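J.: Using the sequences plus the hints, can you model the full thing?
Protein chains in written order, with our numbering: chain A, 1 to 113; chain B, 1 to 115.
Note that these hints are calculated values from the structure, not bench results. Owing to the predicted nature of the structure, the values given are computational and were not obtained by experimental measurement. Worth double-checking, as some hints may not be accurate.
To spell it out: a stretch of chain A is covered by chain B in this simulated footprint if at least three of its residues, at any positions, have a beta carbon under 8 Å from a beta carbon of chain B; those stretches are [claimed, not checked]:
no.	stretch
1	39-51
2	102-108
Using 30 Å as the maximum straight-line C-alpha spacing, the simulated BS3-like pairs for lysine-lysine come out as follows [said to hold, decoys possible]:
no.	chain 1	residue 1	chain 2	residue 2
3	A	Lys71	A	Lys58
4	B	Lys24	A	Lys100
5	A	Lys100	A	Lys71
6	B	Lys78	B	Lys68
7	A	Lys105	B	Lys68
8	A	Lys49	A	Lys69
9	B	Lys24	B	Lys78
10	B	Lys68	A	Lys100
11	A	Lys69	A	Lys105
12	A	Lys100	B	Lys78
13	A	Lys100	A	Lys58
14	A	Lys61	A	Lys100
15	A	Lys105	B	Lys24
16	A	Lys61	A	Lys49
17	A	Lys105	A	Lys61
18	A	Lys49	A	Lys71
19	A	Lys49	A	Lys100
20	A	Lys105	A	Lys71
21	B	Lys78	A	Lys105
22	A	Lys100	A	Lys69
23	A	Lys49	B	Lys24
24	A	Lys61	B	Lys24
25	A	Lys49	A	Lys105
26	A	Lys69	A	Lys58
Glycine is no exception: its CB is placed at the ideal position from the N, C-alpha and C atoms.
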Amino acid sequence: AQSVSQHNHHVILSEAASLELGCNYSYGGTVNLFWYVQYPGQHLQLLLKYFSGDPLVKGIKGFEAEFIKSKFSFNLRKPSVQWSDTAEYFCAVSPNRDDKIIFGKGTRLHILP
Amino acid sequence: DAGVIQSPRHEVTEMGQEVTLRCKPISGHNSLFWYRQTMMRGLELLIYFNNNVPIDDSGMPEDRFSAKMPNASFSTLKIQPSEPRDSAVYFCASRPQRSLQETQYFGPGTRLLVL
Numbered sequence: 001a002q003s004v005s006q007h008n009h010h011v012i013l014s015e016a017a018s019l020e021l022g023c024n025y026s027y028g029g030t031v032n033l034f035w036y037v038q039y040p041g042q043h044l045q046l047l048l049k050y051f052s053g054d055p056l057v058k059g060i061k062g063f064e065a066e067f068i069k070s071k072f073s074f075n076l077r078k079p080s081v082q083w084s085d086t087a088e089y090f091c092a093v094s095p096n097r098d099d100k101i102i103f104g105k106g107t108r109l110h111i112l113p
Numbered sequence: 001d002a003g004v005i006q007s008p009r010h011e012v013t014e015m016g017q018e019v020t021l022r023c024k025p026i027s028g029h030n031s032l033f034w035y036r037q038t039m040m041r042g043l044e045l046l047i048y049f050n051n052n053v054p055i056d057d058s059g060m061p062e063d064r065f066s067a068k069m070p071n072a073s074f075s076t077l078k079i080q081p082s083e084p085r086d087s088a089v090y091f092c093a094s095r096p097q098r099s100l101q102e103t104q105y106f107g108p109g110t111r112l113l114v115l
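T.: In structure tokens:
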């Protein structure tokens, strides 16, 4: 069965630190990949997505993610985090021929001011 | 665009009672998804519909859970009877079906507490 693994359940950083959140998936075929963000008390919003083309994807708010097919990974990065980035981040995968999106369990990011 | 609308936003009920959660997808979206979010299990897909037809309900935990989509602008998720372990945030999401590469848009969720 398809699955998504997020390496860190809880990350604490200081403002201006660099961020990398790990995500690995298990599916052998072509996939679409997503990162969603859930700010405190809010619903999930799309941060960025990869369908094809350049494996380095740029999203909103300075976030980017790199798809490495050989490693089945889609790690999220940001060079310098802000206090407002405090949120929960979800990696998700959808097989290319499927409507379903499988979500990871999320990583809670806490940024210290 | 109003986005995906869910009601109620919060629901507190007693064990054994029937609970009905409602969702209005974004106009023109053909696919609708119901998710459940808990601390232990994260975000789980319960069921999804394409053009009002249930496609995959393998995530529905038990027969106590049922979902309907009588028309393109309305869906319900019902729990009868409810149990304390059903306490969670339930999200509805919709997506246009122009292609499988379209993004899902999530509603604000219904926070359910079963006492």
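J.: All hints are to be evaluated individually against the structure, with a verdict given for each.
T.: A quick look at each hint next to the structure:
1. Counting residues of the stretch 39-51 of chain A whose beta carbon lies closer than 8 Å to any beta carbon of chain B gives 7, which meets the minimum of three for the stated coverage.
2. Check on the stretch 102-108 of chain A: 5 of its residues sit with their Cβ under 8 Å from a Cβ of chain B, so the three-residue criterion for coverage holds.
3. Proposed proximity of Lys71(A) and Lys58(A) is supported: the alpha carbons are some 20 Å apart, at most 30 Å.
4. At roughly 19 Å between alpha-carbon atoms, Lys24(B) and Lys100(A) fall within 30 Å of each other, so this suggested pair holds.
5. Taking the CA atoms of Lys100(A) and Lys71(A), the gap is near 22 Å; set against the 30 Å cutoff, the hint holds.
6. Of the supplied pair hints, the one linking Lys78(B) and Lys68(B) holds, its CA atoms being roughly 8 Å apart against a limit of 30 Å.
7. The suggested pairing of Lys105(A) with Lys68(B) holds, with an alpha-carbon distance near 27 Å, which does not exceed 30 Å.
8. In summary, the hint linking Lys49(A) to Lys69(A) is supported, as the alpha carbons are separated by about 15 Å, within the 30 Å threshold.
9. Among the hinted pairs, Lys24(B) with Lys78(B) is consistent with the structure: their alpha-carbon atoms are about 15 Å apart, no more than 30 Å.
10. For the proposed pair Lys68(B) and Lys100(A), the alpha carbon gap of about 18 Å is at most 30 Å, so the pair holds.
11. A threshold of 30 Å between alpha carbons decides the hint, and for Lys69(A) with Lys105(A) the separation of about 21 Å falls inside it, so the pair holds.
12. This hinted pair checks out: Lys100(A) and Lys78(B) have alpha carbons roughly 21 Å apart, not beyond 30 Å.
13. The suggested pairing of Lys100(A) with Lys58(A) holds, with an alpha-carbon distance near 23 Å, which does not exceed 30 Å.
14. Note on Lys61(A) and Lys100(A): the hinted pairing holds, with a Cα-Cα distance of about 26 Å set against a maximum of 30 Å.
15. For the proposed pair Lys105(A) and Lys24(B), the alpha carbon gap of about 26 Å is at most 30 Å, so the pair holds.
16. For the hint linking Lys61(A) to Lys49(A), the alpha-carbon distance of about 14 Å falls within 30 Å, and the restraint holds.
17. Between Lys105(A) and Lys61(A) the alpha-carbon distance is near 22 Å, which keeps this suggested pair within the 30 Å criterion.
18. Only pairs whose Cα atoms come within 30 Å are accepted, and Lys49(A) paired with Lys71(A) is accepted, the gap being roughly 18 Å.
19. With a C-alpha separation of about 15 Å, the suggested pairing of Lys49(A) with Lys100(A) holds against the 30 Å cut-off.
20. Using a Cα cut-off of 30 Å, the hinted pair Lys105(A) and Lys71(A) holds, with the two alpha carbons roughly 20 Å apart.
21. For the hint pairing Lys78(B) with Lys105(A), the CA-to-CA distance comes to about 24 Å; that is within 30 Å, so the pair holds.
22. The suggested pairing of Lys100(A) with Lys69(A) holds, with an alpha-carbon distance near 20 Å, which does not exceed 30 Å.
23. For the suggested pair Lys49(A) and Lys24(B), the alpha carbons sit about 25 Å apart, so the restraint of at most 30 Å is met.
24. For the hint linking Lys61(A) to Lys24(B), the alpha-carbon distance of about 29 Å falls within 30 Å, and the restraint holds.
25. A C-alpha spacing of about 18 Å is found between Lys49(A) and Lys105(A), which places the hinted pair at or below 30 Å, so the restraint holds.
26. Using a Cα cut-off of 30 Å, the hinted pair Lys69(A) and Lys58(A) holds, with the two alpha carbons roughly 17 Å apart.
Violated hints for the displayed structure: none, as all numbered hints are satisfied.
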